[in-house]
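Protein sequence lines correspond, in order, to chains A and B. The opening position of the first sequence corresponds to residue 32 in the numbering used here, with each subsequent residue numbered one higher. The opening position of the second sequence corresponds to residue 3 in the numbering used here, with each subsequent residue numbered one higher.
Keep in mind the hints are simulated off the structure, nothing from the lab. Be careful, since some hints might not be right.
Computed from the model, here is a short list of chain A residues facing chain B with C-beta under 10 angstroms [stated by the list, open to error]:
1. Phe78
2. Gln110
3. Gly199
4. Gln233
5. Ile236
6. Gly243
7. Arg333
Ranges between beta-carbon positions, derived for each pair [what the hints assert, rightly or not]:
8. B:Asp188 / A:Leu104: 43 to 53 angstroms
9. B:Asp187 / A:Arg38: 29 to 39 angstroms
10. B:Phe524 / A:Leu104: 46 to 56 angstroms
11. B:Asp220 / A:Leu268: 26 to 36 angstroms
12. B:Asp188 / A:Val48: 28 to 38 angstroms
13. A:Leu104 / B:Asp463: 51 to 61 angstroms
Where a beta carbon is used, it is the ideal one built from N, C-alpha and C, also for glycine.
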Amino acid sequence: MYRYVIRRLLLTIPVLVGVSLLVFFMIRLLPGDPARALAGMQASPEFIEQTRARYYLDEPLPVQYGIFVRDILRGDLGQSTFSRRPVALELRIRFPRTLQLAVTALAIATVVGVSAGVVSATKRYSLFDNISMLLALIGVAAPVFWLALMLQLLFAVNLGWLPSSGIGTWRHMVLPSVTLGMASAGLIARITRSSMLDVLRQDYIMTARAKGLVEQIVVYKHAFKNALIPVVTVMGLQFGILLGGAVLTETVFAWPGVGRLLVDSILRRDYPVVQATVLVLALSFVLINLIVDIIYAYLDPRITYDGAS
Amino acid sequence: MGTTTLRKVAVLSLVLVLAGALLAGAAGQPEEEVVVRDEIVIAMGAEPEALDPVAMTSAPAATVSEHVSQPLIYMEEDGTLAPLLATDWYANEDGDEWTLELREGVTFHDGEPFNAEAVKANLERFLDPDVGAAYAFLINRIQEMEVVDEHTLRLYLDAPFAPMASHLSHSFVAMISPAQIAELDDPDDITDAPIGTGPYRFVEWDRGSSITVEVNEDYWGDIPEIPRVRFNFIEEDSARMVALETGEADVVMRVPPVDADRLAAEPDIDVVYQTSVRQIYIGFNAQAEPFDDPRVRRAFNYAVDKESIVADILRDNAFVADAPIPDAVFGHTSVGPYEHDPDRARELLAEAGYEDGISFTLYHPTGRYLLDSTIAEAVQAQLAQVGLDASLQTLEWGSYIDMLDTPLEDAEHEVYMLGWGTVTLDADYGLYALLHSSQAPPVGNNYGFYGHDEVDELLADARVIPDVDQREAMYHEAIELLWEDAPWLFLHNEGQINAQRANVEGVIHHPLENVSVWNARFGD
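Model the full assembly from the supplied sequences, consistent with the hints where possible.
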């Protein structure tokens with residue numbers, strides 16, 4: 032197992048190199064001169080040149096990439112061209128905020144999604160099944176910004192129960208995390224349901240039933256765990272998406288996370304922040320996948336990662 | 003096996019929930035119930051990039067900064083210069099030496115005295131090329147500074163420069179404690195927590211979320227009534243409006259025009275319409291046929307219905323331009339607008355020999371100015387009625403400016419939409435860089451390569467003659483000539499819409515797109 036984890040960790044290196052190359056060159060394909068964007072329209076030609084030199088934008092691309100990699104290896108993520116602050120400082124504040132939102136959203140999605148999925152599968156075609164699967168479909172299909180605005184309107188403006196935006200107390204977290212978790216809850220519910228149905232058709236379930244076991248024991252002890260594997264996969268993927276894809280939720284609720292930082296930075300041509308943020312997100316994505324794979328082994332002892340067995 | 007599975011799932015869920023709760027605890031603060039209003043909340047649409055004078059570039063930064071770090075001179079809402087940290091300022095006869103008399107008895111928030119040495123240290127840092135202040139151009143005519151006495155500073159310029167005082171009033175030329183400057187070792191270092199002389203002192207910057215300042219009890223002027231100000235950053239328009247409606251914010255900036263009427267209808271909300279200093283125009287390459295003919299350029303001005311653009315597209319969040327600079331700017335005189343008169347436009351085109359019309363490309367940015375692409379489409383439709391056939395082309399902003407900023411021999415653009423903010427509220431800044439023949443690319447922002455001998459002379463003289471009345475008369479004359487010669491299709495001055503709770507009084511909504519609350523108080 033340890034060998035597997037180490038191998039996987041080593042494999043993240045080429046992934047990160049690939050990601051860094053992609054993001055580095057893609058952002059430079061964007062039209063427009065970043066030095067001019069930074070210096071502003073009213074800047075003198077000398078100031079634009081000075082700005083270009085300050086951020087090494089006058090160097091050839093491979094040299095710029097070399098400087099970028101060298102700095103990263105030294106643990107220096109660079110300096111934001113917008114705020115002139117170290118990128119690492121920016122990420123240290125923003126990343127935990129997004130993580131907090133993503134974890135809460137996933138927790139909500141898991142509790143709601145798994146329960147709804149299991150009950151739907153066991154009471155197939157019942158009223159509960161139909162309604163919850165319809166809700167799940169709506170959850171997956173509803174545009175996030177629409178859902179966010181509706182929740183805001185209902186709970187902040189009309190009922191006045193919760194703050195409409197910003198951070199500070201746990202009450203500020205409710206609307207953004209519910210908004211963010213909704214789509215994942217729908218997806219998890221549907222995956223859980225179909226995976227449960229699959230497992231419930233297996234021979235060993237029939238055996239269990241034939242043995243005369245109580246249906247609840249069949250469902251919760253025998254079927255549930257095996258049904259969980261695809262669910263865990265989806266959860267892992269969703270977590271990655273929640274981390275990087277919370278832009279709309281973060282924007283509507285003025286939540287200062289990495290998603291918003293990333294989009295703002297792209298619009299500002301703030302190369303160092305875009306590069307570092309994408310790298311950190313890619314790294315988290317890779318690590319989450321690794322954790323998901325480890326959880327497989329935990330859920331199903333038949334899954335091992337050491338070649339010999 | 004079954005029970006262990008359930009346990010494992012339970013453990014996993016629990017871990018997730020606990021992790022969320024822990025993170026919430028780590029990032030959250032204790033909840034507080036507000037009983038007495040000791041804080042005013044301003045919801046802004048964007049976060050300042052920095053609060054260090056040398057790193058500021060935007061109006062949001064100026065809004066926050068002005069409460070903490072003050073410039074030497076204050077620009078009133080009507081463009082009048084008023085004493086702030088300087089009590090008086092005057093030039094020598096030649097206009098190349100400026101003397102600043104500084105206010106006595108002022109201290110920075112750290113207790114450091116405010117004096118001529120402090121101002122010198124600040125201006126030196128602002129001008130230091132290694133520091134790289136984006137707005138250093140405002141004062142880069144200063145060659146040398148002399149501390150005459152504790153509270154008098156003299157500036158020696160490389161040439162006479164009349165708008166010097168306006169430039170010194172810019173919010174970015176703000177004073178911070180010399181002790182703080184001394185602490186920044188590297189020219190690249192900037193401070194996030196400026197120590198100024200303002201009515202409020204900096205408390206906290208919660209990145210991406212808010213900045214808090216609290217009252218400076220030792221302030222040299224009138225101490226503000228409201229003890230704390232919080233600037234909240236809410237980019238999303240609808241969410242910002244919601245914050246005002248729920249009372250979470252007392253003042254909101256940048257109300258979308260579509261929301262203005264709805265908000266105004268609410269009894270406890272006041273909507274504030276204010277002009278800005280940004281004028282939107284359509285420029286011509288005045289060196290290229292047929293746009294080198296003033297009759298053609300005037301025809302464009304007669305062909306477009308500016309009133310309808312302002313009323314129907316911008317919903318009155320703009321003002322039809324009556325001069326090449328907005329009316330809050332020093333030197334402005336009302337000479338327009340051109341009437342909407344398509345017949346006159348056709349006549350002029352016929353006179354100039356273009357009765358069959360003209361085909362050309364109208365370049366415009368998208369998303370840079372209020373409804374810019376919609377306005378370009380409206381202009382296109384109206385021009386078509388007099389035989390001016392425009393095909394629209396838009397470019398991303400960086401590429402757009404690159405395209406415009408090319409010397410005449412390489413220039414491809416003929417007709418282009420652009421805006422300009424006269425941020426110093428002095429006509430020099432609005433007219434010289436845009437319409438003086440010496441300012442054609444790559445030197446300045448005269449992207450139309452426009453030149454007019456008399457205008458050139460007036461603009462050049464008005465920037466060196468220190469006498470205020472003389473200057474004003476020169477600008478009036480230049481504006482009359484410009485209006486007749488029509489280097490642009492004059493469109494409109496953008497407005498700004500803000501809103502506030504009706505119980506808040508004394509908020510300043512400035513044409514420079516700043517909101518200030520040092521005179522604010524809560525009414526009933």
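Results for each hint:
1. Phe78: Holds: closest Cβ of chain B sits about 7 angstroms from A:Phe78, inside 10 angstroms.
2. Gln110: Check passed: Cβ of A:Gln110 comes within 8 angstroms of chain B, closer than 10 angstroms.
3. Gly199: holds (6 angstroms)
4. Gln233: Given a least distance of 15 angstroms, the restraint on A:Gln233 is violated.
5. Ile236: violated (12 angstroms)
6. Gly243: Cβ of A:Gly243 sits 16 angstroms from chain B, so the hint is violated.
7. Arg333: violated (12 angstroms)
8. B:Asp188 / A:Leu104: 43 to 53 angstroms: violated (22 angstroms)
9. B:Asp187 / A:Arg38: 29 to 39 angstroms: violated (45 angstroms)
10. B:Phe524 / A:Leu104: 46 to 56 angstroms: holds (55 angstroms)
11. B:Asp220 / A:Leu268: 26 to 36 angstroms: Violated, since B:Asp220 and A:Leu268 (Cβ atoms, about 57 angstroms apart) do not stay within the stated range.
12. B:Asp188 / A:Val48: 28 to 38 angstroms: Given range 28 to 38 angstroms: holds, Cβ gap about 31 angstroms.
13. A:Leu104 / B:Asp463: 51 to 61 angstroms: Because 58 angstroms falls inside the window, the suggested range holds.
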